[in-house]
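Each protein sequence line maps, in turn, to chains A and B.
Following my numbering, the numbering of the first sequence begins with 1 at its first residue and continues without gaps.
Following my numbering, the numbering of the second sequence begins with 1 at its first residue and continues without gaps.
Keep in mind that the hints were calculated from the coordinates and are not lab data.
Take these hints with a grain of salt, some might be off.
Same chains, same names: a pair is fine if it fits in one copy or spans any two.
[As the list claims (entries may be wrong)] List of simulated lysine-lysine pairs, DSS-like, C-alpha gap at most 27 Å: (1) K42 x K322; (2) K310 x K339; (3) K261 x K310; (4) K336 x K310; (5) K322 x K69; (6) K261 x K69.
Protein chains: 2
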Amino acid sequence: MTYSQAVLNGDRLALARLLTQVENNTPEGRAALIELFPHTGKAHLIGVTGAPGTGKSTLVNQLALLYRKVKDWRVAIVAVDPSSPFTGGAVLGDRVRMRDLSGDSEVFIRSMATRGSLGGLAQSTANMVQVFDAAGFDVVIIETVGAGQSEVDVARLAHTTLVVEAPGFGDDIQAIKAGILEIADILVINKADRPGVDNTEKVLKSMLELAHPTERVFRHHGSTMRTPFDQTKGEPAPKQDSSSALMWIPPIQRTVSIESKGIVELAEAIARHVAHLHQNGGWVLRERTRLEVELEALMLEALWNQFLEKVPQAQYESLLDKIVQRNISPWEAVEKLLKGRSK
Amino acid sequence: MTYSQAVLNGDRLALARLLTQVENNTPEGRAALIELFPHTGKAHLIGVTGAPGTGKSTLVNQLALLYRKVKDWRVAIVAVDPSSPFTGGAVLGDRVRMRDLSGDSEVFIRSMATRGSLGGLAQSTANMVQVFDAAGFDVVIIETVGAGQSEVDVARLAHTTLVVEAPGFGDDIQAIKAGILEIADILVINKADRPGVDNTEKVLKSMLELAHPTERVFRHHGSTMRTPFDQTKGEPAPKQDSSSALMWIPPIQRTVSIESKGIVELAEAIARHVAHLHQNGGWVLRERTRLEVELEALMLEALWNQFLEKVPQAQYESLLDKIVQRNISPWEAVEKLLKGRSK
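Construct all of the structure, not just a fragment, from the sequences and the given hints.
Dropping the structure here:
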């Protein structure tokens with residue numbers, strides 16, 4: 001029996017082994033990914049991102065516990081740590097996690113540290129997520145730390161992206177988060193029992209208005225007219241989504257994850273976002289974007305490998321020598337290499 | 001007269017215009033880069049990275065001021081803000097900067113926000129740096145914020161990488177910085193007048209020992225034997241570099257940049273690192289690595305453009321549709337596209 005068959009049959013050990021194969025990009029791993037691909041597309045992919053110290057891992061644990069208890073969903077967690085390109089920083093978080101979730105065979109946790117390029121990590125994460133999706137996990141939570149590109153990559157991968165903040169991170173956090181707010185589907189203020197929580201929410205709200213000018217216009221519309229959908233339902237529309245059936249205004253959810261406070265409400269906000277995506281075509285759009293990014297990455301890899309096969313190492317090294325000596329520019333070297341290939 | 005000739009003649013306005021051309025990747029920009037390339041390879045490239053709130057920008061300003069006053073060097077600053085992929089967060093920092101450095105025609109400041117992929121930003125930054133290098137700037141300081149890949153990219157680009165910390169960032173900073181320490185040539189504890197500075201230094205020191213186990217062995221050797229180089233100089237070897245002529249142990253420098261404290265000592269540490277790189281061949285090695293990364297990036301871009309020209313958009317879209325419908329896996333689609341090309 002192949003890895004992929006065993007995984008489809010629910011073999012947990014085969015799953016663990018396949019994940020390692022996939023992470024190491026082995027031929028067996030790639031073969032299994034192709035076999036599993038038709039079985040993907042069912043899981044809800046949730047991205048969770050935020051600075052260290054905001055309590056992301058505990059929040060993810062609580063959410064996973066809730067999904068287990070209330071929904072009986074199978075939950076996978078992929079913890080990505082791009083801040084640690086050399087040492088395996090993700091391992092520490094896992095220990096904390098295991099305390100809460102270990103022993104539950106319907107929860108699967110996998111952590112990854114960056115190796116090689118960030119592009120490689122994004123690709124590797126996408127592959128892991130596909131394995132979990134095919135293996136029948138209802139929810140795959142992708143957790144990442146840090147600022148910048150890694151978060152954008154997670155947002156590209158996920159259907160729903162949570163950005164986690166915490167009060168008392170100082171004024172400077174505002175600057176770094178400006179861009180990140182724009183990828184948030186839901187904003188979480190964790191550690192909301194800390195002083196300064198009202199101010200954090202105030203700051204986030206005003207930043208949201210800057211980041212989502214379009215929604216602001218829609219919100220304005222929404223205050224004077226209701227959509228037919230809201231009226232026929234005969235019940236008050238969800239608070240954060242009342243403005244329009246088309247636009248999503250990221251709600252701000254307060255949680256105290258170590259005390260399990262606000263987790264139910266957060267799960268409800270996530271469910272509303274899923275409903276919203278299905279309603280306005282966003283789900284299909286995000287799937288398509290995600291798979292297009294993946295196709296491009298694979299295509300680039302294939303083109304590069306094809307190139308390496310055709311250009312002798314000695315020719316490449318000799319050109320690099322000339323560049324280092326400033327006898328030829330990198331752009332001219334590329335011209336030469338492209339010509340060499342077509343011969 | 002072409003842009004590049006004007007830039008080589010020291011025309012500041014032409015430089016500003018060329019940087020815009022290069023950032024926008026125009027044909028004129030690319031042509032100028034090729035013309036300027038033989039004139040590069042002279043500037044000292046200094047990377048400065050660290051979390052927001054550590055006072056990086058002020059530190060960079062102070063260092064630039066010192067280089068101007070004491071060395072009469074021409075200084076370029078490239079401020080990269082990958083944390084803000086959508087909005088231009090880098091602009092705010094510039095205002096602060098201009099207050100200190102404006103009016104000095106031998107200082108040139110340029111800021112960039114992320115547009116498109118991170119790979120694109122790294123490439124764009126590398127191109128900017130080349131223009132400054134060719135234009136005769138003695139030092140190019142590349143400043144970046146955030147955690148993860150962007151810092152690794154800066155370290156690849158720079159000869160000397162400064163990682164800036166500040167006391168009182170909480171315990172969690174330790175986790176995120178584990179990987180980043182490994183790219184540091186010099187560690188700076190800025191805002192060193194704050195309480196907790198001794199603890200920050202203690203933590204950094206113990207992390208350094210974890211991150212550089214090899215150097216630790218060398219340090220042990222160094223305590224019992226001196227290198228010939230140190231002896232012939234007839235003066236005490238620099239504190240941080242006394243252990244070995246081959247290995248570099250990242251020194252920890254304390255600064256209070258808003259009061260200009262510790263800047264002279266920091267500049268001395270940087271000068272020691274430059275001397276160290278020249279002495280052990282590290283300078284040439286870093287140049288070669290940097291240019292190899294650049295050649296690879298350009299080659300990938302060229303291969304991708306070649307591919308896009310050969311594969312009709314309709315064929316690509318139709319394959320993507322099939323992937324979204326799970327009729328074909330992305331890996332099989334790549335196979336098809338590669339075959340289509342070779343026909």
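Structure-based check of each hint:
Within a single copy, K42 and K322 get their C-alpha atoms only as close as 52 Å, which misses the 27 Å cut-off; across copies the closest is 16 Å, which meets it. Taking identical chains as interchangeable, the C-alpha atoms of K310 and K339 lie at most 27 Å apart whether they share a chain (11 Å) or sit on different chains (16 Å). Taking the shortest Cα distances, K261 and K310 never come within 27 Å of each other, neither inside one copy (59 Å) nor across copies (56 Å). In the homo-oligomer, the alpha carbons of K336 and K310 lie at most 27 Å apart both inside one protomer (13 Å) and across protomers (19 Å), since each shortest distance falls under that limit.
Proximity of K322 and K69 under a CA criterion of 27 Å is satisfied in neither setting, with 64 Å inside one chain copy and 37 Å between copies. In this homomeric assembly, K261 and K69 come within 27 Å of each other (Cα to Cα) only inside a single copy, at 15 Å, whereas the closest approach across copies is 57 Å.
Hint compliance for this structure: hints 3 and 5 are broken, all remaining hints hold.
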